[in-house]
Amino acid sequence: MTNIGVSKETKILCICQYGNVRSVGTKRRLTRRGYRNVIATGAENCGSETLMVLVDWADVVLVAEPHLADLLPPSGKVDVRFTIGPDVFGNSASRALQDVVKEQLNGIGMR
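Residue numbering for the sequence shown follows my numbering, beginning at 39 and increasing consecutively.
Quick caveat, the hints were computed from the structure, so don't treat them as lab data.
Just so you know, not all the hints are guaranteed correct.
[What the hints assert, rightly or not] For lysine-lysine, the following DSSO-like pairs were computed, each having C-alpha atoms within a straight-line distance of at most 30 Å:
{"hint": "1", "residue 1": "Lys49", "residue 2": "Lys115"}
{"hint": "2", "residue 1": "Lys140", "residue 2": "Lys46"}
{"hint": "3", "residue 1": "Lys49", "residue 2": "Lys140"}
{"hint": "4", "residue 1": "Lys46", "residue 2": "Lys115"}
{"hint": "5", "residue 1": "Lys140", "residue 2": "Lys115"}
Based on the sequences and whatever the hints tell you, model everything.
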């Protein structure tokens, strides 16, 4: 998946395991960058029907770890270049998490 054509209006779904740290940290960074349509959730605590609706809604899906994409309905929307890794951060405002998210977003062209 490429992010050609991504704008500040692009609908972005951020997913981590439980929706508390990595997805929220990613949403935090994206909203600071001016992206307006960002939702953070967890793949493990969100029902399959809800995940389907959210993935349908999104233009781009960012997963904290590649294996989380296996829990989502097939869509072609997951940007597999974006990955944060395991949750070793403790909270969404962690400087270490924000640095990783910043690097990953820059790497996929979401400035």
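So which hints don't hold here, by number, going up? Hint check: nothing fails, all pass.
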